[in-house]
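*Asks:* Heads up: the protein sequence lines correspond to chains Y and H, in order.
Each residue of the first sequence is one higher than the one before, counting from 5 in the numbering used here.
Each residue of the second sequence is one higher than the one before, counting from 16 in the numbering used here.
Hints are computed from structural coordinates only; laboratory data are not their basis.
Errors might be hidden in some of the hints.
Claimed, not checked - Derived lysine-lysine pairs resembling BS3-like cross-links, with alpha carbons at most 27 Å apart: (1) K245/Y <-> K234/H; (2) K223/Y <-> K139/H; (3) K247/Y <-> K197/Y; (4) K149/Y <-> K221/H; (5) K24/Y <-> K234/H; (6) K247/Y <-> K139/H; (7) K245/Y <-> K288/H; (8) K231/Y <-> K288/H.
What follows is each chain in one-letter form.
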Amino acid sequence: MKVLVAVKRVADANVRVRVKADGTGVELDNVKMSMNPFCEIALEEAVRLKEAGKATEVIAVSIGPAKAEDTLRTALAMGADRAILIQADGRVEPLAVAKLLKAVTEKEGVDLVLLGKQAIDDDSNQTGQMLAALLGRGQATFASKLDIADGVATVTREVDGGLQTIALPLPAVVTSDLRMNEPRFASLPNIMKARSKPLAKTQAADYGVDVAPRQTVLKVEEPAGRKGGAMVGSVAELVEKLKTEARVI
Amino acid sequence: MTTLLIAEHDNEVLNAQTAHALTAARALGQPVHILVAGAGCAAVADAAARLEGVERVLLADDASLAAQLAEPVSALIVGLAERYDAVVAAATTTGKNLLPRVAALLDVMQVSDIVTVVSPSTFKRPVYAGNAIETVETSDTIRVLTVRTTAFDAAGAGEAAPIDTVPAAADPGLSRHVSDEVARSERPELAAARIVVSGGRALGSKEKFDALMLPLADKLGAAIGASRAAVDAGYAPNDWQVGQTGKVVAPDLYIACGISGAIQHLAGMKDAKVIVAINSDPNAPIFALADYGLVGDIFTLVPELTEAL
Ligand SMILES: Cc1cc2nc3c(=O)[nH]c(=O)nc-3n(C[C@H](O)[C@H](O)[C@H](O)COP(=O)(O)OP(=O)(O)OC[C@H]3O[C@@H](n4cnc5c(N)ncnc54)[C@H](O)[C@@H]3O)c2cc1C
């Protein structure tokens, strides 16, 4: 079973991102960039499938600027066998990403595509579902558990009411939620080894996919602020204020 | 043209979030039809028909739609789509699972999680865990939108709209429902509750989470939320997680107990009307947002609060 994992380079989860003064976007200069945490989880799951003898090969793919090579090296250090960089600068929307991933999936003969459920920069939560649609295959989003046996993926999903388990024949697309696993840290020897693993550099145009955005960002602004910071000294004062000042109880 | 709103439901009850999403759908300025896709869900269609400003309800009642799996429901919507130029759903896990599949089948880019309808093709949406609000204009002729329901008031009741039955599409058979693990509770639903009490890592165990948070929730008639750390540690179930990657809530009152206030958590609750934080660390970031901060040990203060209410 060949597994493809899509990984995205994003501003690190611990960075408090600031809106640019001119309202054209957010400030990403000198901001620490990392692999999207949900992509890390997806990759970890793929590497575990390989370690369990269920996956024969784990391919990591990233669509983004030349710098996304760093993200792919991290993926290789975590255990991916090889990597593909699809270079595309500027804003690449989930639909275009899904089209590129479809091309790679078909070219490589992939049986299982693992992605994160959302990227923590644009918070779109679309790519996996779109990829499954374009491939004409089943989808299991927000997965907290994945079992593969006899060509069928059995997936437990985190849904609003609790958990739902579904079964999908492979090939299929699965997107990871937070509790699927705890991703490993790449060890220093593995980081060294990753440098010599194969990494193919391609361009979006090589796949014949139109990546021109359908949406125009007109403005980016700060959210409405809230003025908090008031303190109370006791439970009695809190209850009194909730009743007479805030009038919410 | 017309807007198609996808109803959120469990085959028995129309979820309250549909009425909020309807307000966003109506803001597009054209007639709205509601699609109820499920099995044995006629009562849901009746409820949807009584929402204000709904022109028509489409009822697709078929065994293949019972679990509302994305593949058969998206096939159904795509079959109907030529009559519509906007497809809208609440940004619930069902809506988020379904709508991007519909969008891709229509070769359209979805606009996720809209919080404002600026014009029929321009929307505001939060990005970066709500640290920035983007205004995006779409050039797609069919708009596919998911709605952050806390940003829109619920539509009221109206005159009953007609209900048309529509057939399900051929089941693509790409996935199969196996089982659900859904906890039934008498408490209000987290996404719709007027009061939410939320517990964090500081609770220390499931036993202590239950011992502190449940009586407080009972006293206030509140829903219970949790931080990711509390869910990861098994103190609370996954569907209680509030935040960027969990549920977004905007109750009248949110009481955060032993939660530090990481950006990812704040993303899910900072639009609450009144925020109370109880935390032993006076420098916890949650206090910067709280209307009423109380410094101290939750293990004494929370039971004291429950007692005082
Ligand atoms: C990709 C990603 C997605 C995420 N999504 C979410 C999300 O949706 N929702 C979410 O909540 N988090 C999310 N997180 C996690 C988030 O970054 C924080 O780690 C998490 O919110 C911390 O939870 P906490 O406040 O309970 O724990 P901590 O940050 O450990 O805070 C515990 C707090 O309890 C206080 N405390 C300790 N003992 C006591 C006591 N006896 N009495 C009173 N106070 C006490 C401490 O002072 C501290 O402030 C996400 C992270 C990532 C990377």
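*Asks:* Take the hints in turn and mark each one as holding or not.
*Replies:* Comparing the hints with the structure gives:
Distance check on the hinted pair: K245/Y and K234/H sit about 17 Å apart at the alpha-carbon level, within 27 Å; holds. The hinted pair formed by K223/Y and K139/H meets the criterion: a straight-line CA distance of about 9 Å does not exceed 27 Å. At most 27 Å may separate the alpha-carbon atoms for a hinted pair to count; K247/Y and K197/Y exceed this at roughly 63 Å. In summary, the hint linking K149/Y to K221/H is supported, as the alpha carbons are separated by about 21 Å, within the 27 Å threshold.
Restraint check: the Cα-Cα separation between K24/Y and K234/H comes to about 45 Å, which exceeds 27 Å; the hinted pair is violated. The straight-line distance between the Cα atoms of K247/Y and K139/H is roughly 35 Å, outside the 27 Å bound, and the hint therefore fails. In summary, the hint linking K245/Y to K288/H is supported, as the alpha carbons are separated by about 14 Å, within the 27 Å threshold. The suggested pairing of K231/Y with K288/H holds, with an alpha-carbon distance near 11 Å, which does not exceed 27 Å.
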